[in-house]
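Peer 1: So the chains spell out like this:
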Amino acid sequence: MTKPTITAFDWVPPFAQGQVRDLRVRWALEEAGQPYDVRYLNQGAQKEPAHRARQPFGQVPTLEDGDLTLFESGAIVQYVAEKYGTLLPADPAARARAIEWMFAALNSVEPAIMDLSFVTTFEADKPWSAMRRPAVEERIHGRLKDLSARLGDRQWLDGDTFTAGDLLMVSVLRILIDQGFVESYDNLTAYMHRGIDRPAFQKALADQLAGFTGDAPAWYAEWAAKQKQGETA
Amino acid sequence: MPRPTITAFDRSPDGGRGLARDTRVRWALEEVGGRYDVTPVTFEALKQPEHLARNPFGQIPTFEAGDLALFETGSIVLHIALHHPGLLPDDDDGRARAITWMFAAVNTIEPSILEFFNAKMIEGDQAWTAERLPIVMDRARNRLRQLSAYLGDREWLEGAFSAGDLMMVSVLLRFRPAGLLDEFPVLAAYVARGEARPAYKRAFDAQLAFNTRSGS
Numbered sequence: 140m141t142k143p144t145i146t147a148f149d150w151v152p153p154f155a156q157g158q159v160r161d162l163r164v165r166w167a168l169e170e171a172g173q174p175y176d177v178r179y180l181n182q183g184a185q186k187e188p189a190h191r192a193r194q195p196f197g198q199v200p201t202l203e204d205g206d207l208t209l210f211e212s213g214a215i216v217q218y219v220a221e222k223y224g225t226l227l228p229a230d231p232a233a234r235a236r237a238i239e240w241m242f243a244a245l246n247s248v249e250p251a252i253m254d255l256s257f258v259t260t261f262e263a264d265k266p267w268s269a270m271r272r273p274a275v276e277e278r279i280h281g282r283l284k285d286l287s288a289r290l291g292d293r294q295w296l297d298g299d300t301f302t303a304g305d306l307l308m309v310s311v312l313r314i315l316i317d318q319g320f321v322e323s324y325d326n327l328t329a330y331m332h333r334g335i336d337r338p339a340f341q342k343a344l345a346d347q348l349a350g351f352t353g354d355a356p357a358w359y360a361e362w363a364a365k366q367k368q369g370e371t372a
Numbered sequence: 079m080p081r082p083t084i085t086a087f088d089r090s091p092d093g094g095r096g097l098a099r100d101t102r103v104r105w106a107l108e109e110v111g112g113r114y115d116v117t118p119v120t121f122e123a124l125k126q127p128e129h130l131a132r133n134p135f136g137q138i139p140t141f142e143a144g145d146l147a148l149f150e151t152g153s154i155v156l157h158i159a160l161h162h163p164g165l166l167p168d169d170d171d172g173r174a175r176a177i178t179w180m181f182a183a184v185n186t187i188e189p190s191i192l193e194f195f196n197a198k199m200i201e202g203d204q205a206w207t208a209e210r211l212p213i214v215m216d217r218a219r220n221r222l223r224q225l226s227a228y229l230g231d232r233e234w235l236e237g238a239f240s241a242g243d244l245m246m247v248s249v250l251l252r253f254r255p256a257g258l259l260d261e262f263p264v265l266a267a268y269v270a271r272g273e274a275r276p277a278y279k280r281a282f283d284a285q286l287a288f289n290t291r292s293g294s
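Top to bottom, those sequences are chains A and B. So in the working numbering, spot 102 of the first sequence is number 241, and the numbers just go up one at a time. So in the working numbering, spot 133 of the second sequence is number 211, and the numbers just go up one at a time.
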């Protein structure tokens with residue numbers, strides 16, 4: 140069996156360390172017990188033709204496995220789950236529901252959460268960000284409340300078995316960790332931590348963090364100063 | 079597969095322009111020749127226990143066939159594609175690439191148009207919207223530019239039409255009312271090829287008839 144190769148960054152700003160989406164793919168590969176290689180990109184290389192050929196949107200991660208190249212972390216997690224048979228139940232209906240939660244994490248929950256990153260990071264220096272914040276937070280709570288109600292006292296989203304759906308949902312919830320959102324819901328907090336506590340996640344996280352050996356690009360210092368200004372304005 | 083039942087808005091807020099997400103599921107079912115029933119759900123009923131049991135986020139569409147109940151459009155389309163010939167390539171690698179584009183449609187492209195809708199509709203009356211909207215639109219354009227560069231002179235994203243195209247065309251259709259789709263002729267032509275498919279036309283006509291039906 141071939142050993143897959145993923146792509147990851149050799150440097151990202153501190154706020155993104157431990158959150159870059161190759162973490163989701165590393166986690167899936169660790170759950171499968173599948174060793175992999177990492178091709179590290181420095182900042183800027185993701186927009187170069189060599190990487191664009193792997194990833195049309197200039198993002199990480201990608202996965203190369205033999206002749207196959209894949210991008211989009213959700214699709215890669217799905218591929219890893221199918222190929223190694225560890226993260227999707229064998230029963231067809233349970234399998235379909237696990238895939239349902241993968242899409243729910245990425246299309247129903249994550250967009251609301253990503254909106255917060257515009258408020259706190261990408262548009263932090265804009266005058267409207269502080270004013271937008273309550274509505275953005277309300278939309279996040281709308282999703283978390285619904286998710287909490289469905290989870291109830293289940294261990295995982297579809298019962299007792301951890302699936303690729305949980306892997307992505309926990310990854311999405313963890314974007315918000317320690318900011319008081321998930322922590323407003325006891326069952327979601329416990330669920331998120333059950334995922335984070337899995338040895339495969341811990342190994343994946345440690346490996347991502349260990350990969351940040353590159354230097355910050357020249358633009359970073361100026362950008363960070365502007366962000367700070369926005370926070371105090 | 080037993081004959082499925084899907085849910086749709088009792089009356090779609092777009093008045094039948096085909097942008098509600100049940101159109102994607104109708105389209106997938108039409109591509110594989112499957113017949114289906116439709117249960118309307120009113121806005122009030124979306125957040126009531128009966129529908130929340132189908133979809134915890136109180137959204138449409140949902141899909142029920144025999145003992146299986148699914149929500150989340152992407153997962154429903156993938157389920158249909160995995161269980162019928164016609165929407166995914168036969169070889170493993172081709173299938174993985176097609177599925178990649180389904181995820182790209184919902185997680186890389188669609189969030190930028192959702193953001194635009196939030197900015198325009200939900201925050202439309204706010205003082206900052208006039209200044210912020212161009213920034214949001216430029217983020218959406220950036221994604222469309224990248225997708226257009228990839229598509230180039232390809233007919234479909236990967237060889238033959240697949241569930242990846244079905245999802246991508248459906249997502250791109252949402253950019254059209256904002257005028258963004260037509261800024262990218264390559265993408266506009268790609269969407270037009272999708273709309274020209276007989277299965278899409280049947281799905282579109284079915285949702286239009288449903289949303290403009292008399293009574294109830």
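No lab work stands behind these hints: they were computed from the structure. Some hints here could point you the wrong way.
[To be verified] Simulated pairs of lysine-lysine, DSBU-like, Cα-Cα distance not exceeding 30 Å: (1) A/K367 - B/K198; (2) A/K284 - B/K198; (3) B/K198 - A/K265; (4) A/K284 - B/K125; (5) A/K365 - B/K198; (6) A/K222 - A/K367; (7) A/K365 - A/K265.
[As the list claims (entries may be wrong)] Facing chain B, from chain A, some residues (calculated, C-beta under 8 Å): (8) V177; (9) Y179; (10) G183; (11) I238; (12) N246; (13) A263; (14) L283.
Just so it is clear, CB atoms sit at the ideal spot from N, CA and C, and this is done for glycine as well.
Peer 1: Now tell me, hint by hint, if it's right for this structure.
Peer 2: Structure-based check of each hint:
1. Restraint check for A/K367 and B/K198: satisfied, since their Cα atoms lie roughly 28 Å apart, inside the 30 Å limit.
2. Distance restraint check for A/K284 and B/K198: the Cα-Cα separation of roughly 25 Å lies within the 30 Å cut-off, and the hinted pair is therefore satisfied.
3. Between B/K198 and A/K265 the alpha-carbon distance is near 18 Å, which keeps this suggested pair within the 30 Å criterion.
4. At roughly 12 Å between alpha-carbon atoms, A/K284 and B/K125 fall within 30 Å of each other, so this suggested pair holds.
5. The straight-line distance between the Cα atoms of A/K365 and B/K198 is roughly 27 Å, inside the 30 Å bound, and the hint therefore holds.
6. At roughly 45 Å between alpha-carbon atoms, A/K222 and A/K367 are farther apart than 30 Å, so this suggested pair is violated.
7. For the suggested pair A/K365 and A/K265, the alpha carbons sit about 10 Å apart, so the restraint of at most 30 Å is met.
8. Against a cut-off of 8 Å between C-beta atoms, the interface hint on A/V177 is violated, since the closest Cβ of chain B lies about 20 Å away.
9. Nearest Cβ of chain B to the Cβ of A/Y179: about 22 Å, over the 8 Å cut. The hint is violated.
10. Because the closest C-beta pair between A/G183 and chain B is about 16 Å apart, greater than 8 Å, the hint is violated.
11. At its closest, the beta carbon of A/I238 sits 5 Å from a beta carbon of chain B; the interface hint therefore holds under the 8 Å criterion.
12. Look at A/N246: its Cβ gets to within about 4 Å of chain B, closer than 8 Å, so that hint holds up.
13. A cut of 8 Å between beta carbons decides the hint on A/A263: the least distance to chain B is about 13 Å, and the hint is violated.
14. Because the beta carbon of A/L283 sits about 11 Å from the nearest beta carbon in chain B, more than 8 Å, this interface hint is broken.
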